Structures are given as C-alpha cells and as structure tokens.
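K.L.:
Throw the hints in and build the complete structure from the sequences for me.
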Amino acid sequence: MELIQPNDEVLIQLPSETTKLVKIVPDSIIGLGKFGSFPANSLLGRPYYLTWSILDGENFGLEPVPISELNSEKLATHTVPTTSSDPAKASKKSKNTDSSTPSGVDSPGLALEDTAIGVQVGDDGEEDDEDVALDAGMLEQELEREQKLWEAEMKNNRDIRDDQTAQSMTWQEIEKLKKSGGTGSGKEIISRLLQSHAYIDKKTAFSLAKYTKRKTNKYLKRIRVIPADVPNFTNYLITQKEPLKMLEIRDEAMGLMMSWADVKWGGRYLVIDDTGGLVVAAMAERMGLLAGEDARAPKKVSSARKRKREEMDDGKDAKEEEEALVPQAEATGAPETTEAAQKEANDNPYNTPIKPKTGYEQTTVPNSNTITVLHTQDQPNLSLLRPFNFDTANLINTTTHPLSTHLLSLSYLQLLSPESDVTLERPQVIPDPVLRTLKSVKRSNYHRKCRRQERLLNIVSSTRRGGFDGAIIATGMELSGVINTVTPLLKGSGQLVIYSPSVEPLSEVVDWCSTLRRTEFMRIKKESETSSSSSSLTQPQLHVLDPDNTNPDIDPATLETLKSLPKLPAHTSDEYFPIDPTNLLAPTIHTSRVRTFQALPGRTHPLMTSRGGSEGYVMHATKVFPILEGKVEARGKFGGRKKGGGERSGGRDKEKGKTSAKLNGKKEDVMEVDDLD
Amino acid sequence: MAAVVPQTGSQSVSSALTSSSSTGKTITFADSSFLPGPNSSSTIVPNSRAIAHLTRDVLQSVMVQPTPSPSSTSTPDPVANLKRKQPSTSSLNTRFGSFPHPSLLVPAGSQVRSASGTGFIHILRPTPELWTLSLPHRTQVVYTPDSSYILHRLRVRPGSRIIEAGAGSGSFTHASARAVYNGIHENPVTQSVPTEQTDGVTKGGDEGTNTTSDSVPSDGSTQIPATLTDSQGRVLSFEFHADRASILRHELRQHGLHQIVTVTNRDVCASGFSLPEPELEIGGNTYATAVFLDLPAPWLAIPHLTRENGSLSQTKAVRICCFSPCLEQALRTIAVLREQDWVEEDLVEVAHKRLEVRRMGPNGREIGAKSRSQGDDEIKVASVEDSVSKLKKQLWHRKAKQARQRERLAKRRKLDEDGNEEVQDDDSDVDMDANDDEDVEEAPETAEEEGGNGRLHLFNQGRVLVRTEPELKTHTSYLVFAVLPLPWTEEDEIAAKAKYTLPPRPAPQVNPRTGKDYTSGGKAPKPTTDGKLSKTQEKKLRKAQEKAAKLASESNQTPKTEGTDA
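Quick mapping for you: the protein sequence lines, in order, are chains A and B. Quick note, the first sequence lines up with residues 524 to 1200 if you use the numbering used here. Quick note, the second sequence lines up with residues 207 to 772 if you use the numbering used here.
Errors might be hidden in some of the hints.
[Claimed, not checked] Not the full set, but computed from the structure, chain B residues with beta-carbon under 7 Å of chain A: (1) His358; (2) Arg359; (3) Glu534; (4) Leu553; (5) Ala557; (6) Phe665; (7) Thr695; (8) Leu747; (9) Gln751; (10) Leu757.
[Said to hold, decoys possible] One side only, chain A facing chain B, incomplete, derived with CB under 7 Å: (11) Lys546; (12) Val548; (13) Asp550; (14) Arg569; (15) Tyr572; (16) Lys787; (17) Ser1016; (18) Ala1109; (19) Ser1115.
What the hints contain is simulated information worked out from the structure, not anything from laboratory work. Note that the structure is a prediction, hence the values are computed from the model and not measured. The beta carbon of each residue, even a glycine, is placed where N, CA and C say it ideally should be.
P.N.:
Pasting the structure below:
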C-alpha cells in the first residue's frame, strides 16, 4: 500500500492554496500557523491525496472529509442556479446530485458513441472531429437547456451595495462559534454567515459559489496531503521557495528535458546540475532510483548496517585480501608491487608488506543505470535530494539508498586532470596488526578514506571511458567550455540537452553550430591537415599525467591506473569556433508553457494570473561523429566551390572510404543548407 | 525476428542493475534498439530500427535488413489485403539518394554517403522522440511536448503500469514503453526461452544487491497470483481499430518492445479494460497506476475504471490524463471524474514553440540565406547616417549627370535644331542609366566584403536573432488530469488510529505577554544543552505554565490556537 510512513517528507496543501513541506516525525505535533496544528500520528499509515479537516479541542487530530462531499461542492454548480435562492441549501451542497447533471453518463450517450465508432472505422486521422460533429446534436440540446436555466435565473450585482453592513454577523459571534470547537463549528459559521448576509438572494449562483468557497477556505480548516515527488516538489519550489535557485524549471520544461535526453532505466547519463539536485532527482525518478523500500526514509537500519560494514572492512575483507594477494604476487610479480611495498616500508614502522586494500564495499561503479554529476566545487550541491531521503551531507545514513551506488559525482578537476587532485591520494597505509589496535573511530576513519579514494578512482576511470547515453546541462556557466567537456564523452547518437532560464545562451550555442560556421571550420581544418602545419584547430589531446601538475602524494598504483585511462579529444575554443561545430547535429531550441484553466460549468476560462519570470528553454542536439579523418580526396575543389557549399564532401565514412564519387556541387549545396536550417 | 542478437554476458548485466531477486525472478535487458541492453552497442545491427536524419524536419525510419534478400520472406505483412506502401528491403531511398542497407550498418551517429556518392545522411539510434517524427501516420499523433508533460505528470516510472486507450499511431505507446521499462522480468518457473535458464543459476550472486521491488511477498515460487508479484513495467494498450492494432503489434515486435507493451483490440467505452489474454502471465486484470485516454468520448470509458473490477491498482493512487481537442469534451470528462470521486482535477493546455536562430547582418539581411535576400534592395542601408549620406550621394550624382546632360543637350541643340521631342525622351532614359551605373559601382564593394577576406568572418557578423518557427501548432488538445486516491473507510481509519496511537496533547505553551500559542511552533523555550534552563527561560516557562493552568481552570478544557483574524 502506498501510505504515509514515518519520517516521510510530504507536502501539505493549506486552505490558503499554498503548500508546505513537512516531515512526518512520529509522536510530534505539526503546526500550520494560523490553520492550527495536529499530531503527526494522525497522518501516519494513511493514503495520500485525502482531504482532512483539522479538529481542535476535545478530539484534537484530523478527520477525513469524504471525497463525495468535496466534489459535490463543485458538482453542485453543474446543476446550476436552482439552488441559489436557498442559501442554506447551497451551503450544505445537497449530496445527492440528481441524475440530470450534464455529465452524460446516460444511455443516449452510449447510443451516440456506437454510431461514432461506425464512422471512425476506416477513417484515417480525423476521428476526433467526426465525433464532435456527431456529439454536437446532443451537446446543443444541453447547451440550450443550460442557457434557459441561465436566463431564468439571470441576476446581476446592480442591487448589491458594497458596504460593511451587508454582513450582520459580528466577529464576536464568529469567535464564540469557533471556540465551541468540533467538526460542526466551521460549517455552522458558514451557514450562519450566509443566512445573515443581507444581499445573499441577490447574488448570482456563481458569485454565491465564490463567496461560499472563500468562506469555506477560511473557516473549514481543510488540508490535503500529497507526496513530495518530483513534480509536486518542483511546483512547491517554484511557487514558494526560491525559484531562482532551481533555475525556475517548470514541469513542462522538465518533461521536455527528460524526454529529449532519452532518460530511461538502464542508461548512463552525465549531468551538470546547478539547480541543487532537482534535475538529478527527476532523472533518478525516471530511472527507478527513488522507488522501493530502500529509497524510503531510513528507520533504524543504518546503525546496524554501519556496524556490519565496519566489521567487513576490518575482518572479513582483510582476510580475503590477504588470500587474494598471494596468487596475484605469484602471477605477476610486477615491479610496482615491490615498489609500493618499499614505499610503505619507509612509511610505516612495522614494515609489513601488505598491499593497500582493494575491493571495499560499494566502491565499484555500476556500468548501467547511473547518473554522473559533474560539479565545479569540491562537493556537488545536491541539497534538494533531501526530501527524497538522500542526504549528501550525511551519507552514512543513506548507504542503502539506491542513489548511493548509482549516483556518481566528480569535479571538473577530477575529470580533466585527475593527477593533480587531492582526493586521489591514498592515505598512508596502516598494516593490519596496527589497524586492529587502533580505536574504532580512527579505524573507521581510515577505512572511510581508503573507500573514498577507491570509489573516486573508479568513477574517474568509468567517466573518462565515455560512452554516455545522454547528457543534461542546467547551469549558468559559460556553455562553450561545458559543451567541449561533455560532448566527447557521449556515444554516437547520444543526446545533449541544455536547459536555460533565458534563451540567449542557447541561441548562442545554436549559432556556434550554424551551417556557415561549420563549413568554414571544416575548410580550415582540411587546409591545415593538407598543409600538415599545426593550427589552432587541430585537435589537441587532453593529457592525463601532466608531469608539472602531478600531485606527488599519489601512489604509483593509482598513477598507473590514471595512465591507462583513455585520452579525451578536446577542442580549443577560439573567437570564431567556441565549440566544435561538427559534433552536434541539428541543435534545436524548444519552449513550452502550460496554461491552466478554471474548469467549472459556465465559468471555464484560463486562470487570470500565473507566474511570470523565466519562460524556460530547452535545447537538444544529437552527438554525431565528425568525419574529418577521411582521405583528402576532394582537395582542390574548394576554390571553385560556391560559399556554403559542400566542403564536407571531403570526409567520408570509413566503410565506404574509397568511393571515387564525382561531387555534384550544386546538389550538395542544397543539402547542406537544408541540413542545418 | 527480434531475438537475433544473442544475450551476452547476462550475469554481468543483471548484477549491474538494481535487480530484484527476492521474487525469484531474473531481470534481463530487452532486446530493443530503443532501450539499453545487449543491442545498445554503438553500432546499428541488422534487423533493427534506425532513423535516417535528412534534415531537422525530415526524418525517415528504416528497418535495416542484414542482406539485400529477396523480399516477402523477411517481413510478412501484419494485415492482409491492406494496400500499404512497402518500403524497399534492400536500400533506403531518400531525396538525397539511395542507401543500400549494408552501408547503414555503421556506428550510430555516423554520416553515410549515398550509393551515387552525391548525398549524405546521418544514421541515428531510434528514440521515441525520433520515432514520433518519422512514424507512418495512421491517426493524429501525440507529439513530444504533450507526451513528455503527460508522462511527467502521470508519474509513469520504471515498473509502472499504464493503460493507454486509443493507441493510434503508437507514438505515445513508444514513449510510455520507455518510461515504464525496468527490464524484462522472467519467472524462472515458467521460462519459455531455454537460453535464459542460465540466468536462473546466476541469481544467487545477485542476492546482495539492492532490491527495488515494492511490497511484494518474498516467496515468488509459491502459488501467489502472478498479477501481484509482477513488478515489471507494462504498457496496456487498447485500440478498437483492428487493423491499427495489428500493425502496431507488428511494429512493437520489430522494435523489441512486445514484452513491455500488450496491444488489445477492444472498444474500451463499451467493454472496459480487462485483458483477454490470460496467458500473459499477469492475469486478466490491468491493475494500472496511470491511465491515458485519447478517445473521442473519454467520459464513457471512465466509469469502467475502478479498483473493484481490477482495472486500477489496488495499492496505489491512480492518475489519469484525458486528451481531448475540444473544451466541451474536456468539461464533460471533468464532470464524470468528479462524480466518480477523482480529485485534484486540472484542465490545462500545453503551448509549445520551437525557436529558430539566425544571424542578421548589419544591412538588415539574414546572413547565409541567399535566396531570400535577393531582389529587395530597400533595406540595404544599415543606419540613418548611412541612408542620408547615400541619398545625398545619389542626389549629387543625379544633379551632376543632369548638368552634364543639359550641357550635352545644349550642345546638340546647337548642332541641329530639329528633334526636340526625341531629345526629351532621351533625357529620361539617361536618368535611368544613371541609376544603373550606380548599382554597378556599388556591387564590387559588397562582393569584396563577402568574398574576400571577410568570408571567414561572415558567420560571425551582425547579431544573433531568435524567432518562432514559421508554422506554429497553437493548439493540440486540452489535457484533463485527475487523481484517484486509495479508498479510505471508517474501519481503515480506526485501524490506523490503533496502529499509530495519538500521544496525549501536550500542555499548551503560551507566551504570557502576547498570548500566542507555541505548542506547535518551534519557538518555544528549549532547554540548553546540559538539560538546565537559563534563568530567563525558567521564568518564561513558569509564567506560561501558570497561564495555562489558569486558562484550564477557567474553561475546563484546553484552549486552542486562536485565529489571528476574526
């Protein structure tokens, strides 16, 4: 059952139409300001999306409001103005809405549907229109009926005087009723308010409904509890918290990003997230990393688990390690083992040649269903993952969370120049016998450091190996550098998605890939290749192991691993070519905006106000392989070529390398222009 | 025909995942080019779908065949006696030329040259978005801006079950199949494919990994109904048009998604949502947590969606989205949803725009758009100063020319006194010539600008402009969203109260001066770290207690929070 569990973070919708993020701690009291308070236990074990009224006084707690009662308040106006003359009845919202409601769940509708189906068969595409045309007859009758009712009951506010004497009920009376407590008091106040309103008979049904709703919100302290999942949490952040911090990402933009980046279970994704973790959370939700028991709030398992892990670090693992060490030494007899041993020998007084432990729990990196976060500081800012029970500041409590294994994070430094990073230093090796004598705090500290180093090394090597299915960038940073870092790591046909609150940074990126620019890039590239002179456009290699920058404290084994990492092709930005324009296919900018309607019969219209601020823009492009490494067969044809023409024809795919194609410049010209515009 | 590529390294595959072994099932990757898995290597493999990217708007899907085999053996038509254009099985024909299938077996993302060598296309791995843009239209298609928002709001997640009624062309089907996908869950007891029995052996190694299965009994081997233990994500698709249903089924099989999507040919408005194929391993009930209705009259189908008849999930809140182009349909849907006790009903419309980026040169022309700028010389000038000086120059030229003309005329008049009228005609001709001359004079300048040294910088001139695409979809459909909460009876409430007993209400902590109640807030005086209270705090607390006692004796019941306004 999907019920509210202890320590869950939930969102509570208040009568003021605002939302509050609340942690349901057992045996605590949840305060909602002027709307009162209630014990947390009265929500535990209950389903979401129910409406509760807050009780005060004797039976302090919550009482469920039946859904039929809630909906009948709205459905009451479907039957339109007949109730308007009787305020008491209107306030009570007679529960038995008769069958004449214009909902159409009656037999004529069914009969009509059959004919509609008959028409649709064999008809391609236009079924909706057809059906509406058929339905129109029935709808017309209905509209006529409503129109008549409307006219019969037509009222206006001509006779309503806007003064304070309209309401004869005094605030003292209201206070007295409030004091009496109980469920009925709120309803009582509302019905009394309606009775004692001087112009209640003159109000139109709609204005009466509005008035009643206002009073209901004020006096019936009703709340609704909704789960803090990503869409709800996003709406909460954007309306009530600091929207600028999460780059004002709306639901619709988030949906577009997730779709175009092709985020799915089992994929590997790279993300640059300046929203404080909201994008990561949305991705994790799409990848099934926020679901299941492990993603729940930690109860009391963590300490037991922690102890178990410590035991494993100390005893079991070490034994395995020793056993594993013997055959390894025999098999390889590698010189670096002895080197490392010698180094250790110098470092530790006990002179025991034990290799640094490998194979800590949870240091290996899964090769699918992962999110790799690239961040600028030492630590990623993922504070918004806290409502999803993943607290990066307090990782030991969340080791069971699926994200703890599948969320990988590394800084730009660790990716681009791992040899100079401090975290990759292995702590001074403490031999096992000494380790056993240490205090448990020191011991676990040592293991923690080793574990961290090992995990980071694994993350760095898996990230540098590339082959990501997609990348999402949501940052305020200069995009050229970010794109140059990310694009080489994508696999062919992988998706690059960039979100920006404003369009300008994205339009710049699209312009960097314009047809003219790309053509020129390829021409220069080709020329520099043929003249074999080194130009700024030849692809330099980002070296791993820069002798000047290598951190001297990194042990040789780690260095060896780093040396074996693949080199990243990189593009050096210059004024004219900030990014490599041949890598990205068809960059496109989208913007999407949802318009919400008030859906009440006879009063349906778009909401009068909505949030302004940034529109939110999503750009996506596909990683394709530059085909510059071809033979330079088409050389010499550039001179007579029209500008914007097919210089690209110089390249070719490897399979068909030796096609001696005669290049039809004109046809290619057309294609080139079409291709990117 | 989907299982051409053998499942390799299933052990490493399954151990890499957050696989569920508690139910006794093994989870394997689906063999689909749309999804990650054994087939998701970076190369296009035979018998898989690929997308040919011709231009931004023209994408062509192609089923890559291994060899140029004689046709009719490879793809039997899913629907007999239906005239459909059959794609060629040996090569892909586009407006940029013909591409033999073997030439398409390249790493995804590569550019491929046509057989004649004159054209190029990019070969891409299919995604639901690319498929939406390239699929054969049978009905109106749900496009990505709508489908992405709908799936986001319906909380369709790996392991969800979604009902889709009105499958149509299958665009939304593909998007939701990706969203629900959490591997193919094979029950080792009822395995049908012999090759995967090795997976059952390896499952012991997975014991230590995380489990993601939710609230599923741990012993999956016993006679628990499959419906309850099944935690695989599924799309339950309904389509009342028989031909469309079978074509979609065929496509899904080609795409390797048939284990995730179940297509049922049924009119849901008339006969509801139960599944006719009990051999499906999940029984006849759908137990969905999300519903998407793309029907002309969704209000007829909604009454069939209940927990009692097994169409909706028994343990989770259910979300629905109805997709209707007309407001009347949407309103009627909302009315029925309200009657059927759905809550949080919401009527929205998605407005989506695609933006174009261009560069405008200093003369007001788009850079690089050759064809468009030809012919209109009016906006050649870049600024007011430019315009004034140009006009001045023109005027000066004209004046000078007219003066020269007059001189010449006077000379000619002197020479022969006869042809007055002809000379006047001549005058106007010369005037026009003067203009032409000027154009000729200026032309080399611009040519030099664009052709010579300036050519490198042309793409960097002017400024970047953004505008909407030329054809805008201003309305697709109204979307009606709603949530059906779990049923909650009085007995449930009593049981929950018994399980989570309410603590006694704490004594109210009231600020003596303001009379404000701190019982629920966090500002109440707190003991210091060593458990003792500071003097001021003690004083405050004592006063508060006195006040509370006083209040309690007055009204013989606990006072409650006061509203701030009356």
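K.L.:
Quick check: which numbered hints come out false for this structure?
P.N.:
7, 8, 9, 10, 11, 12
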